[in-house]
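Undergrad: Below are the chains, spelled out letter by letter.
2 protein chains.
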Amino acid sequence: MLQEILERYKRVWALNYSQALLAWDLETYMPEEDSALRGEVYANISTMIREQIMAMKEELERIREEDLDDFGKGTIRLLKRAIKFYSAVPKEITEELERLTSQSAVVWRESRKREDFASFRPYLERIVEIERQIAEKLGYEGHPYNALVDLYEEGITVEDLDSIFSKLLPDLKTILEKVLSEGYFSSPHPLKEMSYDVKKMEEVNREVLKILGMPTGSFRMDVSAHPFTIRISSKDVRITTRYEGVDFRSTIFSVIHESGHAMYELSIDPNYEMTPVATGASTGIHESQSRFWENVIGRSKEFTRILYPILKDKLNIRDDEESVYRYFNLVSPSLIRVDADEITYNFHIALRYEIEKNLISGKVSVSDLPSIWDDFMDKYLGIRPKTLSEGVLQDIHWSQGSFGYFPTYTLGNILAGTMYHFVDDLPMKIASKDFPGIRSFLTDKICKYGAIYPPKVLLNKAFGEVYDPKRLTAYLERKYL
Amino acid sequence: MLQEILERYKRVWALNYSQALLAWDLETYMPEEDSALRGEVYANISTMIREQIMAMKEELERIREEDLDDFGKGTIRLLKRAIKFYSAVPKEITEELERLTSQSAVVWRESRKREDFASFRPYLERIVEIERQIAEKLGYEGHPYNALVDLYEEGITVEDLDSIFSKLLPDLKTILEKVLSEGYFSSPHPLKEMSYDVKKMEEVNREVLKILGMPTGSFRMDVSAHPFTIRISSKDVRITTRYEGVDFRSTIFSVIHESGHAMYELSIDPNYEMTPVATGASTGIHESQSRFWENVIGRSKEFTRILYPILKDKLNIRDDEESVYRYFNLVSPSLIRVDADEITYNFHIALRYEIEKNLISGKVSVSDLPSIWDDFMDKYLGIRPKTLSEGVLQDIHWSQGSFGYFPTYTLGNILAGTMYHFVDDLPMKIASKDFPGIRSFLTDKICKYGAIYPPKVLLNKAFGEVYDPKRLTAYLERKYL
Chain A
1 MLQEILERYK RVWALNYSQA LLAWDLETYM PEEDSALRGE VYANISTMIR
51 EQIMAMKEEL ERIREEDLDD FGKGTIRLLK RAIKFYSAVP KEITEELERL
101 TSQSAVVWRE SRKREDFASF RPYLERIVEI ERQIAEKLGY EGHPYNALVD
151 LYEEGITVED LDSIFSKLLP DLKTILEKVL SEGYFSSPHP LKEMSYDVKK
201 MEEVNREVLK ILGMPTGSFR MDVSAHPFTI RISSKDVRIT TRYEGVDFRS
251 TIFSVIHESG HAMYELSIDP NYEMTPVATG ASTGIHESQS RFWENVIGRS
301 KEFTRILYPI LKDKLNIRDD EESVYRYFNL VSPSLIRVDA DEITYNFHIA
351 LRYEIEKNLI SGKVSVSDLP SIWDDFMDKY LGIRPKTLSE GVLQDIHWSQ
401 GSFGYFPTYT LGNILAGTMY HFVDDLPMKI ASKDFPGIRS FLTDKICKYG
451 AIYPPKVLLN KAFGEVYDPK RLTAYLERKY L
Chain B
1 MLQEILERYK RVWALNYSQA LLAWDLETYM PEEDSALRGE VYANISTMIR
51 EQIMAMKEEL ERIREEDLDD FGKGTIRLLK RAIKFYSAVP KEITEELERL
101 TSQSAVVWRE SRKREDFASF RPYLERIVEI ERQIAEKLGY EGHPYNALVD
151 LYEEGITVED LDSIFSKLLP DLKTILEKVL SEGYFSSPHP LKEMSYDVKK
201 MEEVNREVLK ILGMPTGSFR MDVSAHPFTI RISSKDVRIT TRYEGVDFRS
251 TIFSVIHESG HAMYELSIDP NYEMTPVATG ASTGIHESQS RFWENVIGRS
301 KEFTRILYPI LKDKLNIRDD EESVYRYFNL VSPSLIRVDA DEITYNFHIA
351 LRYEIEKNLI SGKVSVSDLP SIWDDFMDKY LGIRPKTLSE GVLQDIHWSQ
401 GSFGYFPTYT LGNILAGTMY HFVDDLPMKI ASKDFPGIRS FLTDKICKYG
451 AIYPPKVLLN KAFGEVYDPK RLTAYLERKY L
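Line by line, the protein sequences are chains A and B.
Note that this note's numbering gives residue 466 to position 466 of the first sequence, counting from 1, and the numbers run on in steps of one.
Note that this note's numbering gives residue 433 to position 433 of the second sequence, counting from 1, and the numbers run on in steps of one.
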């Protein structure tokens, strides 16, 4: 019975695989005029995926889960989740959302450029309305936001998140104040302004990929406007980066970050290929891998030591190693999330989480967002945006209808702290370039299982604990204090 | 009714679109280890295409074609052709052929390298058997090869081809003998041995694309082992070329050739997008566009005049313009088809046509091919291969199961001669870079119709004649004598 389901699932797998390639190509090499047609292709493939999965419904209801092993159970769990979604949320709603978000992403871009919230507002209002409808259709216990966040991080709730942020934020505030008062990591740094040659920088990034041991036969790196990772298959995972010509941290750490995502996908048991479980366990767990590689490893003293000679050679920097380490780890309250450091980043997330939660429950309305945003910014980081593009219009997520996604960034950071705690001799492993050793720890604990287990089950199995904010605090204290 | 069919067809269109992108990526950027999985994706998508088309069968049988316009009639004709194929040829046969050819292409490569026909023979024997089965299942009047060639060039028969080659070959022989005896186009040329810098050569090719007016917003060029053109959509057509580092004609003329294919696809009425008729009318007509741009335009005196200053600038050649023109148009009997000149090329095709025809009818057997090949080569061009890789093992087509494809190359050459005849003031148009004018002639006569009409109907409509070998002869006489 499971065998028949898996056999039928191969078509869904082929469609997903195609969509992944379509998405990668769209961001890298597609001639621009094709974009409208590509949207049409995407919509048709999505419809076929829905149909193929819904066609398995009866078989899935008849299967006796108690006879299955963990792989079988995970497969059925994921297919039933998909069927639950498709059954609850009518095609008309997802189609409207898709059409709306493909327009509103364009409107958002324009609004941000013109510092004009009014033109974006009606789109965002409709998106929020649809998200609330989706929550209602899906059903939930407690807060309606639970239905949405569960789509990204299965089993996580507003109760969990409130508890996490209420513990995390005061600790982060304490650390931040100390770091700022000491001044070492928070004073200005000239390398932030140094411009670089893109060709040279690409060579640095290629060296980084070599050091990390990215497998050339099943991996590649390209350039796109926004860095991302995409799994095509267990033998084909791709990342992108971008070159802004200045502040070279950002391209290096985006490469390490995306490589972290890629290593996760490349470490899933290849026997799961062509099945629903051949994917990361959740958005938060995925983010934990990328953050662990980017921050805990990439921004460490030991990794800086490895990078330093390459940077000196390729970019002719004159700063000493210590100064480069400081540059990699500068801390200061800032307005833009994507530029934020390891400590303040989570305040940006807390702000968005609070707003999303209250939008979905109807406690705040879209028209109030600009001022609510600025007030939160003030409360959390003591700074106020001067413009909308520095404030409420800075992120693309809401224009894409991604409600429930933001909190998983902080979950990822917390879990990166968890892994920092559990990997033995991490600094020595980094110093000796034992990245295969680190990777095999991650593979055994997390990656190889793919999405067989829900995230909380997986985390308990791996570490005997779930999202514990103290792990992040402990890591940051060790690093910065 | 037609509207409903077209609405359903959108899924097939989306699947075809995806397969095109998968194929492009496979040859350009795919990490190599993904190839087996990609084959699996391709097979699943093919199955879904078959299912989606077969699901339209009843509707298609009920539709009253007499009520439709040419577009509607063309759409129904093509869908019925697909249904005829799927109904006649069981899934098991096409699946075996796909599996077999994906293996045999690898075996063929090895056999060619090792000069060993014996290891390839059993594969080719099975492929020929399957091709004969397909012909039987499809049904035919007259020669069984008719069923196969019709898959590439709808409506063409062995009778047509025999008549064409029997008129064409004696004329070509006469021209060839004169050219060889005069010596001007047949004496050795030093530029053939000149090596070039790949980066510089890429710049030349980019200039060529600019001169031809390829639209950057819906077109791109990449590098692959074998040059090809692929249509993703009416807004996204891609070509590739390769750089061998020596004999720079070959990369330039492959770029012009593939651009000819691309211009065809980009000139199909964009209103046909997402329908079955948004494709070239046949393989031969497609080849006519590429050959016309490559040979009739690209290798002309006038185009050489345009290219010459660019070549001088980028490649530092010291030959004068006349010498470059001669280099572009060297003629001599040679063993390898893909290196052949405009005159001898068609003998290579005639050879393959005769062999294919007799293999399918059972008149010759695979084991006799090496000696039959050499005898034909001797008969047509007066030279004998010394090795199998110069002879029967040189082409990939048979290992891919492409029986019936070869003759369309010569049909394309003949039609390129036809267009040479019908375009007014062609030399002046080329000299004044009036490529938009040439293109609009081709668009009006051929390209815009897509596959609405069967090739013979289209040609009659455009020129009042079909494949007339005299057109090629007249063009070559004008050029070389």
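It is worth saying that the hints were derived from the structure and are not from the lab.
Among the hints, a few may not be true.
Note: identical chains are not told apart, hence a pair may lie in one copy or across any two.
To be verified - Below, a list of computed lysine-lysine pairs in the DSSO-like style, where the Cα atoms sit at most 30 angstroms apart:
1. LYS84 <-> LYS456
2. LYS448 <-> LYS433
3. LYS312 <-> LYS10
4. LYS363 <-> LYS80
5. LYS445 <-> LYS312
6. LYS173 <-> LYS200
7. LYS91 <-> LYS314
8. LYS199 <-> LYS210
9. LYS433 <-> LYS301
10. LYS312 <-> LYS363
11. LYS379 <-> LYS429
12. LYS73 <-> LYS91
13. LYS10 <-> LYS363
14. LYS113 <-> LYS429
15. LYS456 <-> LYS470
16. LYS80 <-> LYS10
17. LYS57 <-> LYS479
18. LYS433 <-> LYS73
19. LYS113 <-> LYS456
20. LYS461 <-> LYS479
Undergrad: Are the hints correct? Go through all of them and say.
TA: Hint check results:
no.: 1; hint: LYS84 <-> LYS456; result: within (20 angstroms within a copy, 54 angstroms between copies)
no.: 2; hint: LYS448 <-> LYS433; result: within (22 angstroms within a copy, 60 angstroms between copies)
no.: 3; hint: LYS312 <-> LYS10; result: neither (49 angstroms within a copy, 55 angstroms between copies)
no.: 4; hint: LYS363 <-> LYS80; result: neither (32 angstroms within a copy, 58 angstroms between copies)
no.: 5; hint: LYS445 <-> LYS312; result: neither (36 angstroms within a copy, 62 angstroms between copies)
no.: 6; hint: LYS173 <-> LYS200; result: neither (38 angstroms within a copy, 57 angstroms between copies)
no.: 7; hint: LYS91 <-> LYS314; result: neither (53 angstroms within a copy, 57 angstroms between copies)
no.: 8; hint: LYS199 <-> LYS210; result: both (17 angstroms within a copy, 26 angstroms between copies)
no.: 9; hint: LYS433 <-> LYS301; result: within (13 angstroms within a copy, 62 angstroms between copies)
no.: 10; hint: LYS312 <-> LYS363; result: neither (53 angstroms within a copy, 72 angstroms between copies)
no.: 11; hint: LYS379 <-> LYS429; result: neither (40 angstroms within a copy, 71 angstroms between copies)
no.: 12; hint: LYS73 <-> LYS91; result: within (27 angstroms within a copy, 33 angstroms between copies)
no.: 13; hint: LYS10 <-> LYS363; result: neither (44 angstroms within a copy, 43 angstroms between copies)
no.: 14; hint: LYS113 <-> LYS429; result: neither (45 angstroms within a copy, 46 angstroms between copies)
no.: 15; hint: LYS456 <-> LYS470; result: within (17 angstroms within a copy, 77 angstroms between copies)
no.: 16; hint: LYS80 <-> LYS10; result: both (16 angstroms within a copy, 28 angstroms between copies)
no.: 17; hint: LYS57 <-> LYS479; result: neither (51 angstroms within a copy, 68 angstroms between copies)
no.: 18; hint: LYS433 <-> LYS73; result: neither (38 angstroms within a copy, 67 angstroms between copies)
no.: 19; hint: LYS113 <-> LYS456; result: neither (41 angstroms within a copy, 55 angstroms between copies)
no.: 20; hint: LYS461 <-> LYS479; result: within (27 angstroms within a copy, 78 angstroms between copies)
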